[in-house]
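Residue numbers (my numbering), protein chains in the order written: chain A, 1 to 109; chain B, 1 to 115.
Any given hint might turn out to be false.
Computed beta-carbon distance windows for the label pairs [stated by the list, open to error]:
#1 B:Thr57 x A:Lys81: 30 to 40 Å
#2 B:Asn51 x A:Asn30: 16 to 26 Å
#3 B:Leu74 x A:Met10: 33 to 43 Å
#4 B:Leu68 x A:Ala16: 44 to 54 Å
#5 B:Glu87 x A:Pro109: 37 to 47 Å
#6 B:Lys20 x A:Ile96: 21 to 31 Å
#7 B:Leu26 x A:Ala39: 16 to 26 Å
#8 B:Thr115 x A:Thr23: 36 to 46 Å
#9 A:Glu77 x B:Lys66: 24 to 34 Å
#10 B:Glu87 x A:Lys81: 46 to 56 Å
Derived from the structure by calculation, the hints contain no laboratory data. For clarity, every value in this text was computed on a predicted model and none was experimentally measured. Beta carbons: idealized from backbone N, C-alpha and C, even for Gly.
Letter by letter, the chains look like this.
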Amino acid sequence: GQNIDQPTEMTATEGAIVQINCTYQTSGFNGLFWYQQHAGEAPTFLSYNVLDGLEEKGRFSSFLSRSKGYSYLLLKELQMKDSASYLCAVTVGGYIPTFGRGTSLIVHP
Amino acid sequence: GAVVSQHPSWVICKSGTSVKIECRSLDFQATTMFWYRQFPKQSLMLMATSNEGSKATYEQGVEKDKFLINHASLTLSTLTVTSAHPEDSSFYICSAGPGIHYEQYFGPGTRLTVT
Chain A
1 GQNIDQPTEM
11 TATEGAIVQI
21 NCTYQTSGFN
31 GLFWYQQHAG
41 EAPTFLSYNV
51 LDGLEEKGRF
61 SSFLSRSKGY
71 SYLLLKELQM
81 KDSASYLCAV
91 TVGGYIPTFG
101 RGTSLIVHP
Chain B
1 GAVVSQHPSW
11 VICKSGTSVK
21 IECRSLDFQA
31 TTMFWYRQFP
41 KQSLMLMATS
51 NEGSKATYEQ
61 GVEKDKFLIN
71 HASLTLSTLT
81 VTSAHPEDSS
91 FYICSAGPGI
101 HYEQYFGPGT
111 RLTVT
């Protein structure tokens, strides 16, 4: 089976940097997704990592270490609108992601 | 990016009735669509994989006779919650991708409340 672990909640200040970690223990591994989900809305795609290393996309970056079963999502220059749930999801042998419970990020002024 | 729509966005129904939720891919064809359920402050749980022209594949613990899935065309999948009960109240989300593609696009979700 798959076990995906991420912190339940984090808080940060507007303009700051925050790192959301995700660890996984899976039988096999294809790739790792990060999604953003605002309350009452569907998730929106942020990133997909297959290879080790850091991928940067504007204010958001995602890192993957396959050997350590570890990923993080880095958010820079935080804005109030970044307050949302961030979902880590892993695909194993296919393209259907298995989701972690999500990290609720609260950005305050 | 690709667009996936859902209808209705929210629905309230009485216990014992059935509710149909539609998932459409608007600008691409999807041979496979996925249905998820999400309870408050919980993760997305995959319910079933909807396959165009064939039977859906249900995840363990999901009753196929209660959650009827029909994928009659390459752009439409429907989920019917039969004999709904209050515990079926949840946020139902579908996703689809253009072919066997790593990125799945989510619909906006349907909030179901059973009274």
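Now the hints, each set against the structure:
no.: 1; hint: B:Thr57 x A:Lys81: 30 to 40 Å; in the structure: holds, 37 Å
no.: 2; hint: B:Asn51 x A:Asn30: 16 to 26 Å; in the structure: holds, 20 Å
no.: 3; hint: B:Leu74 x A:Met10: 33 to 43 Å; in the structure: holds, 41 Å
no.: 4; hint: B:Leu68 x A:Ala16: 44 to 54 Å; in the structure: holds, 48 Å
no.: 5; hint: B:Glu87 x A:Pro109: 37 to 47 Å; in the structure: holds, 39 Å
no.: 6; hint: B:Lys20 x A:Ile96: 21 to 31 Å; in the structure: holds, 24 Å
no.: 7; hint: B:Leu26 x A:Ala39: 16 to 26 Å; in the structure: holds, 24 Å
no.: 8; hint: B:Thr115 x A:Thr23: 36 to 46 Å; in the structure: holds, 40 Å
no.: 9; hint: A:Glu77 x B:Lys66: 24 to 34 Å; in the structure: violated, 46 Å
no.: 10; hint: B:Glu87 x A:Lys81: 46 to 56 Å; in the structure: violated, 34 Å
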